[in-house]
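Modelling step: build the complete structure from the supplied sequences, incorporating the hints.
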Amino acid sequence: MAEKPKLERQAMCDRLAMEFQDEWIVNLGVGMPTLCSNYVDPSRDIITHSENGVIGYGPLAEEGKEDGHLVNAGGQFVTAQPGMSILHHADSFAVIRGGMVDVTVMGAYEVAENGDFANWRIPTRKGGGIGGAMDLAACAKRVFIAMEHNTREGGPKLLSRCTLPITAPGVVKLLATDLGLFEITPEGFVLREHAPGWNPEEIQELTEAKLIIPSDLKEFRFRA
Amino acid sequence: MKNKIFNSFDEAVAGLPDGSTVMFPGFGGVGLPRNLIAALNRQGAKNLTGISNNAGALDDKIDVGTLVEAGQMKKMICAFTAATHPSRVTPFTRMYNNDEIDAELVPQGTLAERMRAAGAGIGGFYTPSSVGTELAEGKEHREINGRMHVLEHPLFGDYAFIRAWKADTFGNLQFRLTQRNFNVVMAMAATVTIVEVENEIVEAGELDPDHIHVPGIYVDRIVTIPPDGIWY
Chain V
1 MAEKPKLERQ
11 AMCDRLAMEF
21 QDEWIVNLGV
31 GMPTLCSNYV
41 DPSRDIITHS
51 ENGVIGYGPL
61 AEEGKEDGHL
71 VNAGGQFVTA
81 QPGMSILHHA
91 DSFAVIRGGM
101 VDVTVMGAYE
111 VAENGDFANW
121 RIPTRKGGGI
131 GGAMDLAACA
141 KRVFIAMEHN
151 TREGGPKLLS
161 RCTLPITAPG
171 VVKLLATDLG
181 LFEITPEGFV
191 LREHAPGWNP
201 EEIQELTEAK
211 LIIPSDLKEF
221 RFRA
Chain C
1 MKNKIFNSFD
11 EAVAGLPDGS
21 TVMFPGFGGV
31 GLPRNLIAAL
41 NRQGAKNLTG
51 ISNNAGALDD
61 KIDVGTLVEA
71 GQMKKMICAF
81 TAATHPSRVT
91 PFTRMYNNDE
101 IDAELVPQGT
111 LAERMRAAGA
121 GIGGFYTPSS
131 VGTELAEGKE
141 HREINGRMHV
151 LEHPLFGDYA
161 FIRAWKADTF
171 GNLQFRLTQR
181 NFNVVMAMAA
191 TVTIVEVENE
201 IVEAGELDPD
211 HIHVPGIYVD
221 RIVTIPPDGI
231 WY
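Protein chains in written order, with this note's numbering: chain V, 1 to 224; chain C, 1 to 232.
Keep in mind the hints are simulated off the structure, nothing from the lab. Among these hints, one or two may not hold up.
[Said to hold, decoys possible] Straight-line C-alpha distance at most 25 Å; calculated DSS-like pairs for lysine-lysine: (1) V:Lys65 x C:Lys166; (2) V:Lys126 x C:Lys75; (3) V:Lys126 x V:Lys173.
If you want it as structure tokens, here you go:
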């Protein structure tokens, strides 16, 4: 049996970006979350923040037009745009801890129904890669996660409790996977939107945590 | 006025002793003092402790990883002690896995603020970052305004290597765009601050005092990057 198509990464990030509100300050993590910046809604002004000390940077620079002094959190060359400002690193994290960031979007290894998530250390490997994730997770107003629904081996990543060391407790509000959009409520994971062709029972089968299926469950929303 | 201008990177790092703690700024390769790192590599000091966002990138450029690979570092204090993908094996990762180098993992905002505290004469600070994670275990906790925080201590350096855009003879520094990153707090937190600068050093008075990012009182030695130096 051919495997049923799942959502593309860009669609997952588009969906999270649709939740950004006018004038939100948005911090996008390295990797998949940077795809959120490809979703543009002309009715909303989004203010980008990158932890290396830049507020209000523009899209990725075209090849040959890079400015060697201007990169985002992933070290990618980005463009300047009107209103941009620069801070040093300690002040950039003052922005984060001070509660100015409306939403941070990150990747994760695991997300739990109590809002815990893990994205910095795998116990079988020495050391960890935290970067700014713990500061952002603890202090941004909202944490959104974009990740594949299952591990490469097919194992579950939406869990009743995280098994890996967590990045922050109880902070994840919204999660897009390649099978749908999930809200985390005090009662646990609520499946808000399912990937086309996938029914709730099939999604539950690939999920360790118990999913709440609301009566107003919708199909996944794509960019217009 | 004391002369802070040195003619070469080698002269600027000549006296740096074994066992020193050295701060290395840079983020995504921007604001990274590659010329001073190359000079320290030639100078050969050993048993160094490095403070840096990461322990070296995977590209073949000179960075902190060059010193790690040469066996000059005994410990790294950084926000990344493992890459996010297991296939990205740096010299640091290889040596860390073999217990050939020590490391302390610090969340990036806490790393920056610990250096800021050192430079600002603050004995420590409480932060909500890392609360509830294994990094907070064993640290003093305190509830402030209804929120749990952990106590973090200042982080000092013997030396800071700085990459600036412009400098004057007094040592006042300007950075350009995201080059600024850790440079400011490191210049303030270290005893000896050594700068590589991208433009010709100008006379004191030529830089607008309202647009100085690091006052010259923090700066000890400045070297202009020559045309055949490392630019990116």
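Do the hints match the structure? See the list:
Between V:Lys65 and C:Lys166 the alpha-carbon distance is near 23 Å, which keeps this suggested pair within the 25 Å criterion. About 15 Å separates the Cα atoms of V:Lys126 and C:Lys75, which keeps this hinted pair within 25 Å; it holds. With a C-alpha separation of about 30 Å, the suggested pairing of V:Lys126 with V:Lys173 is violated against the 25 Å cut-off.
Of the numbered hints given earlier, the model fails hint 3 alone.
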